[in-house]
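Visitor: Sequence:
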Amino acid sequence: MSYKSRKRKSENRKNIQLFYNLVKQSKEWAISQYGVKIDIPVFLNTKKEDSLLKNNQSGYMLSSSEDVPQKIVISKDFLEKNKTIDIQGTIKHEFLHYIGWKLDKDFDDGDEWFENQLARNLLYSNYNIFLNYALLSQVQVILLI
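Numbering of the sequence shown is given in my numbering, commencing with residue 1 and proceeding in unit increments.
Check before you lean on any hint, since a few could be wrong.
[What the hints assert, rightly or not] Subject to a maximum C-alpha distance of 25 Å in a straight line, what follows is the list of computed PhoX-like cross-link-like pairs (lysine-lysine):
no., residue 1, residue 2
1, Lys24, Lys9
2, Lys14, Lys105
3, Lys81, Lys37
4, Lys9, Lys83
5, Lys105, Lys81
6, Lys14, Lys47
7, Lys71, Lys83
8, Lys102, Lys14
9, Lys76, Lys37
10, Lys105, Lys27
11, Lys83, Lys24
12, Lys14, Lys24
13, Lys81, Lys27
Bear in mind the hints are in silico, worked out from the structure with no lab data behind them.
Assemble the whole structure, with the sequences as input and the hints as a guide.
Guide: Quick look at the structure:
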């Protein structure tokens, strides 16, 4: 096995370990903040092509035809190219969809309850550019201090 191959394998192992640690921490967050246990599978997508991960999408919650959540999928490409705080934010974002479903709230992107929870938890929104701008500004201010 070549040096590059061993290095790539080692980096891959570290990324997978990071992912599962962040999932574990986010599950604890879901219980402590909302009293909801995340009891559906959470996967790291390793496929090159996933029709549901398009346009640089970082993750999704897949539901059955009856709108029952089946699994949460996070993009491996997103994992490899982003910072830990952004990866955990994406996991929590997807968990909030599930939490909303469990609590019988409006849990889709753009729904009032869901967007309010994103703001409450300082998580990025797919619809609220003002929240995203405020979060980015806050991060920049913190970095300057």
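Visitor: Next, verify each hint and record whether it holds.
Guide: Tested hints:
1. Lys24 <-> Lys9: 23 Å, holds
2. Lys14 <-> Lys105: Violated. Lys14 to Lys105 sits at ~36 Å, over the 25 Å cutoff.
3. Lys81 <-> Lys37: 28 Å, violated
4. Lys9 <-> Lys83: 19 Å, holds
5. Lys105 <-> Lys81: Violated: Lys105 and Lys81 sit about 32 Å apart, past 25 Å.
6. Lys14 <-> Lys47: This hinted pair holds, its Cα atoms lying about 18 Å apart.
7. Lys71 <-> Lys83: Holds. Lys71 to Lys83 sits at ~23 Å (cutoff 25 Å).
8. Lys102 <-> Lys14: 32 Å, violated
9. Lys76 <-> Lys37: 24 Å, holds
10. Lys105 <-> Lys27: Cα-Cα ~19 Å, so holds.
11. Lys83 <-> Lys24: 17 Å, holds
12. Lys14 <-> Lys24: 15 Å, holds
13. Lys81 <-> Lys27: 23 Å, holds
Going down the numbered hints, you'll see the structure goes against 2, 3, 5 and 8, while the others check out.
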